[in-house]
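Chain residues, written in single-letter form:
2 protein chains.
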Amino acid sequence: MFRLRAAELEVSRISVPGAYITLVLVTLHDLDTPALLIDLDIMERNLARVADYAHQHQLRLRPHTKTHKIPALGQRQLALGAVGLTVAKVSEAEVMLAAASPDLLIAYPTFGAAKLARVMEVARHTRVTMSLDSLDVARPLSAAAQAAGLTIGVLAEFDAGMGRVGVDGGEPLLALVQGLEQLPGITFEGLAFYPGQIKMMDQEGAAELRRVSERVAAAIGTLARHGIACPVVSAGSTPTWMHTHEVTGVNEMRPGTYIFNDRNTVNSGACGWQDCAASILTTVVSTARPHQMILDGGSKTFSSDRLANSSEVTFGKLVEEPAALFHKMNEEHGFVDLTHATRQFRVGERVRVIPNHVCVAMNLHEQVYGMRGETVESVWQVAGRGKLQ
Amino acid sequence: MFRLRAAELEVSRISVPGAYITLVLVTLHDLDTPALLIDLDIMERNLARVADYAHQHQLRLRPHTKTHKIPALGQRQLALGAVGLTVAKVSEAEVMLAAASPDLLIAYPTFGAAKLARVMEVARHTRVTMSLDSLDVARPLSAAAQAAGLTIGVLAEFDAGMGRVGVDGGEPLLALVQGLEQLPGITFEGLAFYPGQIKMMDQEGAAELRRVSERVAAAIGTLARHGIACPVVSAGSTPTWMHTHEVTGVNEMRPGTYIFNDRNTVNSGACGWQDCAASILTTVVSTARPHQMILDGGSKTFSSDRLANSSEVTFGKLVEEPAALFHKMNEEHGFVDLTHATRQFRVGERVRVIPNHVCVAMNLHEQVYGMRGETVESVWQVAGRGKLQ
Numbered sequence: 001m002f003r004l005r006a007a008e009l010e011v012s013r014i015s016v017p018g019a020y021i022t023l024v025l026v027t028l029h030d031l032d033t034p035a036l037l038i039d040l041d042i043m044e045r046n047l048a049r050v051a052d053y054a055h056q057h058q059l060r061l062r063p064h065t066k067t068h069k070i071p072a073l074g075q076r077q078l079a080l081g082a083v084g085l086t087v088a089k090v091s092e093a094e095v096m097l098a099a100a101s102p103d104l105l106i107a108y109p110t111f112g113a114a115k116l117a118r119v120m121e122v123a124r125h126t127r128v129t130m131s132l133d134s135l136d137v138a139r140p141l142s143a144a145a146q147a148a149g150l151t152i153g154v155l156a157e158f159d160a161g162m163g164r165v166g167v168d169g170g171e172p173l174l175a176l177v178q179g180l181e182q183l184p185g186i187t188f189e190g191l192a193f194y195p196g197q198i199k200m201m202d203q204e205g206a207a208e209l210r211r212v213s214e215r216v217a218a219a220i221g222t223l224a225r226h227g228i229a230c231p232v233v234s235a236g237s238t239p240t241w242m243h244t245h246e247v248t249g250v251n252e253m254r255p256g257t258y259i260f261n262d263r264n265t266v267n268s269g270a271c272g273w274q275d276c277a278a279s280i281l282t283t284v285v286s287t288a289r290p291h292q293m294i295l296d297g298g299s300k301t302f303s304s305d306r307l308a309n310s311s312e313v314t315f316g317k318l319v320e321e322p323a324a325l326f327h328k329m330n331e332e333h334g335f336v337d338l339t340h341a342t343r344q345f346r347v348g349e350r351v352r353v354i355p356n357h358v359c360v361a362m363n364l365h366e367q368v369y370g371m372r373g374e375t376v377e378s379v380w381q382v383a384g385r386g387k388l389q
Numbered sequence: 001m002f003r004l005r006a007a008e009l010e011v012s013r014i015s016v017p018g019a020y021i022t023l024v025l026v027t028l029h030d031l032d033t034p035a036l037l038i039d040l041d042i043m044e045r046n047l048a049r050v051a052d053y054a055h056q057h058q059l060r061l062r063p064h065t066k067t068h069k070i071p072a073l074g075q076r077q078l079a080l081g082a083v084g085l086t087v088a089k090v091s092e093a094e095v096m097l098a099a100a101s102p103d104l105l106i107a108y109p110t111f112g113a114a115k116l117a118r119v120m121e122v123a124r125h126t127r128v129t130m131s132l133d134s135l136d137v138a139r140p141l142s143a144a145a146q147a148a149g150l151t152i153g154v155l156a157e158f159d160a161g162m163g164r165v166g167v168d169g170g171e172p173l174l175a176l177v178q179g180l181e182q183l184p185g186i187t188f189e190g191l192a193f194y195p196g197q198i199k200m201m202d203q204e205g206a207a208e209l210r211r212v213s214e215r216v217a218a219a220i221g222t223l224a225r226h227g228i229a230c231p232v233v234s235a236g237s238t239p240t241w242m243h244t245h246e247v248t249g250v251n252e253m254r255p256g257t258y259i260f261n262d263r264n265t266v267n268s269g270a271c272g273w274q275d276c277a278a279s280i281l282t283t284v285v286s287t288a289r290p291h292q293m294i295l296d297g298g299s300k301t302f303s304s305d306r307l308a309n310s311s312e313v314t315f316g317k318l319v320e321e322p323a324a325l326f327h328k329m330n331e332e333h334g335f336v337d338l339t340h341a342t343r344q345f346r347v348g349e350r351v352r353v354i355p356n357h358v359c360v361a362m363n364l365h366e367q368v369y370g371m372r373g374e375t376v377e378s379v380w381q382v383a384g385r386g387k388l389q
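Taken in order, these protein sequences are the chains called Z and A. Per the numbering used here, the first sequence starts with residue 1, numbered consecutively. Per the numbering used here, the second sequence starts with residue 1, numbered consecutively.
Read the hints as simulated data drawn from the structure, not as lab findings. There may be inaccurate statements among the hints.
[What the hints assert, rightly or not] No more than 30 Å apart at the CA atoms, straight line, and that leaves these computed lysine-lysine pairs for BS3-like: (1) Lys328(A) to Lys328(Z); (2) Lys199(A) to Lys328(A); (3) Lys199(Z) to Lys328(Z); (4) Lys199(Z) to Lys328(A); (5) Lys328(Z) to Lys199(A).
[As the list claims (entries may be wrong)] Part of the chain A face toward chain Z, derived, beta carbon under 7 Å: (6) Leu28; (7) Asp32; (8) Pro109; (9) Ala114; (10) Val285; (11) Ala288; (12) His333; (13) Leu388.
C-beta atoms are modelled at their ideal positions from N, C-alpha and C, and glycine is treated no differently.
Produce the entire structure from the sequences given, and follow the hints as far as they go.
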């Protein structure tokens, strides 16, 4: 009568009265709080949207897995056409080996003998690329690769306006790349940058996008004039993902947050609330103060990240009451101002909250729940959480 | 020649050339970054200072273990005279059972059948007390305790001005306590409050301390007029710990942060920099932008907590260069402005940072290192990290 994909269902109880088998599914109501929920239909739509875009514009897609930190979801991204996966640290690369990616990009200047030994161990299992912005980082990498008899791909990181890592795209970039080309054990594969400064939601966004495009073209041009080709030109950032094809010369994108989206993504204009796959289920634990309720999740559950590019001090959107103001948190307490709410809440009621920044929230949860409607379809260990080194 | 407490030393290599045994100690320089370091001499001084104060003023000391989350340190607090330990969630209570405390105070209104079953399991091993502020929380607790054949101690939480959890100290407190006294399976043991709103560093602090004292006296008085005694009156907060004896009627303190202290504690005036036991060792990974360096730790390493009670947007103090400004972070990047620095830094250099808020930083580290000078004397698993429920 019913066809069940049993491997994907969490069953809390099986009873066999007479000839019938009753499977009791685990639902939203069985979960203790706080719990991080992933709406699988929304997640699949988000994954397909960006995969289709990359395919349409012939862009390499190398999703940043720091958002989900779950090998099974990395595999899903590969199945949808990603050419490889991106990680932030070697510890994340070790975890993401389980996704059997043909390529792992460590998008971070990785320094120190202990980390480099681990990079080489990862590189014995799959192809490894690293982005970096100095010969101080490249030289020990080169030495370690040579000693291990391995070749590591390298992307030179330049600053397209973010002002974080990355050399200036003129002479300093040329000097870096010429230095990289002298080093054994590594192969220069192209350029990387992170355009996190672009705010598409304000009028300045389009202008900054044009400036980034000019900087990228100039960087590629500088190298070309010295006979250096850039097979890969890799850009990051979810808020700008649908503008990637507008940036001259870019042929690779590595968005992360797009798999779930969050309040920051909505605020950036890159998605709507209906595209937010992740929410955190909480319980009201106190209503003792007038016009206020306390949720059983604070900075240990959501992180204390404020809304990006906003002066607003709020920590999430309550699905059940958008007029409620989640304005303050301690480690275990979420303070919600109900002054403008259209309804009241009782102790013990459950409320879902869309977090400001889902990547750092994922990092705080040991496991998360893949939901099909109210049914728990998957329980995922967040294997890459808490990986600092 | 040397007497070694071998159980407390981490040894990286033992070689036996001829008749000599060479023990190579693990030092600061062997640790990969980012790493959270605890200066054991400072920690012991901090522990002794508060234990001595509690003893001198005949105050019960029930330290909040949410700061360290390590059973061995809970044991140390008990050895110095603590009457019990405080935790924030039942999951932390489960972890802290390993400290063999005669008493665990769950200082949080704990709701839901799953959590209550776990509370009862903890209560089979040690005495459990819970602070709460509603009969909606107390009734299911009472039912669960009665069903389990156990008795749980209860502290009624009232609001001494913080505006978080806690009922008003007048009629609502009386109604709560009278309700508690009717419930089987639980025993009313007294009052709890958290005076987190007191800012001793400004002139308002002393006035607010007096107001808190008046509110506490009024709450105790209201209950006394109805023949209700409060064997325990329990106050929290590290910034105000040395003022606990000034608050009328309080006979118990449950500070947490005092074991390590942090930038918030210094800012509150409750300690100096020389009392900060915890720092985070990081590596400079990029100096590509002028007057800036990037550290290999951001919000995943420090948390994104800003300095409390300050409009300053900074995330820690650099031990090696106090004039450097740690003004921005992403998940893996710490942005340090060196405009006013007296020295420059190279890629690969290591820098220690005193975090704004050590409790949330501890929650992000799987293990931390107890240091005696530059030697690693203890490696502790942070057993209570990431406990959300």
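Compare the structure with the hints numbered earlier in the document and write down the numbers of the violated ones, lowest to highest. 6
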